[in-house]
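Engineer: For reference, the chains in residue letters:
Number of protein chains: 2
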Amino acid sequence: MSGNVVDTNSAWIADKCWMFGHKVVWHGGVGDYLEEIGDACRLAASRADVVFVTGGLGATLDDITLEAAAKAFKKQMVFHEDIWRDIQTFFRKFGRECSGNNKRQAYIPEGGKPLTNRVGTAPGVQVKLGHAIFFFLPGVPRELYQIFRDSIMPWLKGRAEAAYEQKFLRCFGLPEASYDEKLKGLDLGPVRMSFRVTFPEVKIKLVARGKTALQDIKRAEEKIRKKIGRYIFGADDETLEMAVAELLKSSGLKLALAESCTGGHISNLLTNVPGASEWFRGGVVSYSNDLKTGIVGVRPATLKKHGAVSKACAEEMAKGIRKVALADIGLAVTGIAGPTGGTKEKPVGTVHIALATKGKTGHITFSQERGRIAFKQFVAYEALSLLRRHLT
Amino acid sequence: MSGNVVDTNSAWIADKCWMFGHKVVWHGGVGDYLEEIGDACRLAASRADVVFVTGGLGATLDDITLEAAAKAFKKQMVFHEDIWRDIQTFFRKFGRECSGNNKRQAYIPEGGKPLTNRVGTAPGVQVKLGHAIFFFLPGVPRELYQIFRDSIMPWLKGRAEAAYEQKFLRCFGLPEASYDEKLKGLDLGPVRMSFRVTFPEVKIKLVARGKTALQDIKRAEEKIRKKIGRYIFGADDETLEMAVAELLKSSGLKLALAESCTGGHISNLLTNVPGASEWFRGGVVSYSNDLKTGIVGVRPATLKKHGAVSKACAEEMAKGIRKVALADIGLAVTGIAGPTGGTKEKPVGTVHIALATKGKTGHITFSQERGRIAFKQFVAYEALSLLRRHLT
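Top line first, the protein sequences correspond to chains L and D. Counting from 1, position 207 in the first sequence corresponds to residue 209 in this note's numbering; the numbering is continuous, with no gaps. Counting from 1, position 270 in the second sequence corresponds to residue 272 in this note's numbering; the numbering is continuous, with no gaps.
None of these hints come from the bench; they were simulated from the model. Check the hints yourself; a few may be wrong.
All copies of an identical chain are treated as equivalent in the list; a pair is satisfied when it fits inside any one copy or across any two copies.
[What the hints assert, rightly or not] Derived pair list, reagent style BS3-like, types lysine-lysine, alpha-carbon separation capped at 25 Å:
| hint | residue 1 | residue 2 |
| --- | --- | --- |
| 1 | Lys95 | Lys346 |
| 2 | Lys306 | Lys256 |
| 3 | Lys169 | Lys207 |
| 4 | Lys348 | Lys307 |
| 5 | Lys169 | Lys229 |
| 6 | Lys115 | Lys95 |
| 7 | Lys18 | Lys213 |
| 8 | Lys186 | Lys207 |
| 9 | Lys76 | Lys115 |
| 10 | Lys205 | Lys229 |
| 11 | Lys360 | Lys251 |
Given these sequences and hints, build the entire structure.
Structural biologist: Right, here's the structure in full:
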């Protein structure tokens, strides 16, 4: 209500509900007041068969969700000895003191069933109130996710009439509208396709329901890959850097980077992947020209003749870093991130990317004026895509 | 409702309302159905004097928000010639075709007043329905923000009985509970203080209302700074890297980095700041030992005797990168990000950070087991904080 926190729980829960074919019809938010919470619970129960309530299960005095719900449906709050034992055990495990307030967390509405919380003190609660089944969950996402996965997913699944399956195909290399255009008219059978931009990527979402959902999605995916397969780098949780990491790992080749305008962003992405040291030698952030010549081995004459943002410089950076870092592949980026530094010939957004292997060098160039940080992200994706194409 | 998109608009609007002393009491979400939208509008109007409705103002057939609201309150939809002209002008400006569907966007409920949208086609609408003033706004955040700032902020401000002011003090260096403890009992007058963790930072939020709000916050800030000033690196939108950049810029000193376990993350943060090339020479991501010895100048004997994750190695990295990059300050990080690579003596999470200036070297070490990416973020903040302390 104060605008300090964005509610991500509603969307997370809705997504899980749809996966099992349950339609979400309403959500609402209120402040920590007995009457308003009670009202919201009654309203929800009048609109749906299942209600999820998050937040307000903590140990402090403004955590009154269960009490409010019980009151709204004229139920008693009942003390559960086993919940109280679990809370005390939880505190002992972390060597912390259990305060008297925590005892409040052992009271739940009559008829309710506690749902074990393995990562926090407050258990979730499942209880029938009015005509609806209520699930009360902690507001802390980490705790909510655990209880939901452990106790609620199986429950939802057991009641799914026709579960939904979904798959995201993650793409880079074309503007959003172009995917739409290239896939227009494709017969995907019962599979629904939609697009989502999460810059710099475009995600294609495939959804199907029923017993043949997985096969239907697989067939749709094959058709899509025939049209735009080269732009699809991964599925679901697979990032571009993970896809590149996998390719490097299986090829046995070692990579080194020379980054100028991306300022370490590519290196940062790649080292987010566990085990990166197996295939990543390291790199140089050659932000000043002295580092380009002094460490990476770009010839001063090249800088003088073509400038730092040039094909020649990018190629010498790629070749140089490959050699100096004892790598199989050298990848180099040089450009103008802005907001200053642009000229008429080389405006802000100009980039040269080069990739060097033993005896061979590839190069791409383009210009993309964007905000500084978005520019770095976009160029990093272009560079990793060049590497991915090379490895495939 | 589908869980595909997290609603950030509600929190954004709520934050603005509080700023002007208006209390937010309820929010709700429904799908794109005439009856459900109408219901939600009536419910909102029965609970508040002002209602914000976002989304569903677009040109496609499922954009029915205005129609639903008008129907719920038995109002006619009225065609506005001037809106239609604006829409056509907007399309011409971008050289695009205006489709017939766009004409639907020129209809608004009777008595309504359009609110100019400078970044999209659909105008906002202000209209009294029932006892409440309704503001209808596009769901696209960029468009919503513009209309809100242009047309609604002044309106809210004009009706504010006692406007709120707020300030965030951004801190790093202590766990959340310690700030609370150190500031306990501090008399901040009418200023409300609260804490927010946005890992790896802790933000202290100060809120005051009325005519003396700004002075009240200033006095509270002074008291807080007396207690924990060394942990406060910035206010409101100022990031840690921006604070460090400012210090480097005014000192005239040049920085170089040697990053091992952070894998380029520190470099990436610093180069997000416009004009970084003025004070950032660049750096080396010395992910393999060959780069530590070959480029940065760590002695092989040091690696052999102490290992790569050691005080000796960090110090040689800091001294080495300072020299090789022709910088005034060398900052170096070496550690074990995990999940593998830990030993009994040096478990996952062990870090050494060193800072070298002309003739002097400082060093800190600690162990923090976290997920790989969180670890990189935390270590980057520790390194930048060390640098910040040095520069102040």
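Engineer: Take the hints in turn and mark each one as holding or not.
Structural biologist: The hints, checked one at a time:
| no. | hint | in the structure |
| --- | --- | --- |
| 1 | Lys95 / Lys346 | between (65 Å within a copy, 22 Å between copies) |
| 2 | Lys306 / Lys256 | between (31 Å within a copy, 23 Å between copies) |
| 3 | Lys169 / Lys207 | within (6 Å within a copy, 40 Å between copies) |
| 4 | Lys348 / Lys307 | within (14 Å within a copy, 49 Å between copies) |
| 5 | Lys169 / Lys229 | within (17 Å within a copy, 52 Å between copies) |
| 6 | Lys115 / Lys95 | within (24 Å within a copy, 61 Å between copies) |
| 7 | Lys18 / Lys213 | within (18 Å within a copy, 47 Å between copies) |
| 8 | Lys186 / Lys207 | within (15 Å within a copy, 50 Å between copies) |
| 9 | Lys76 / Lys115 | within (17 Å within a copy, 46 Å between copies) |
| 10 | Lys205 / Lys229 | within (15 Å within a copy, 48 Å between copies) |
| 11 | Lys360 / Lys251 | within (18 Å within a copy, 41 Å between copies) |
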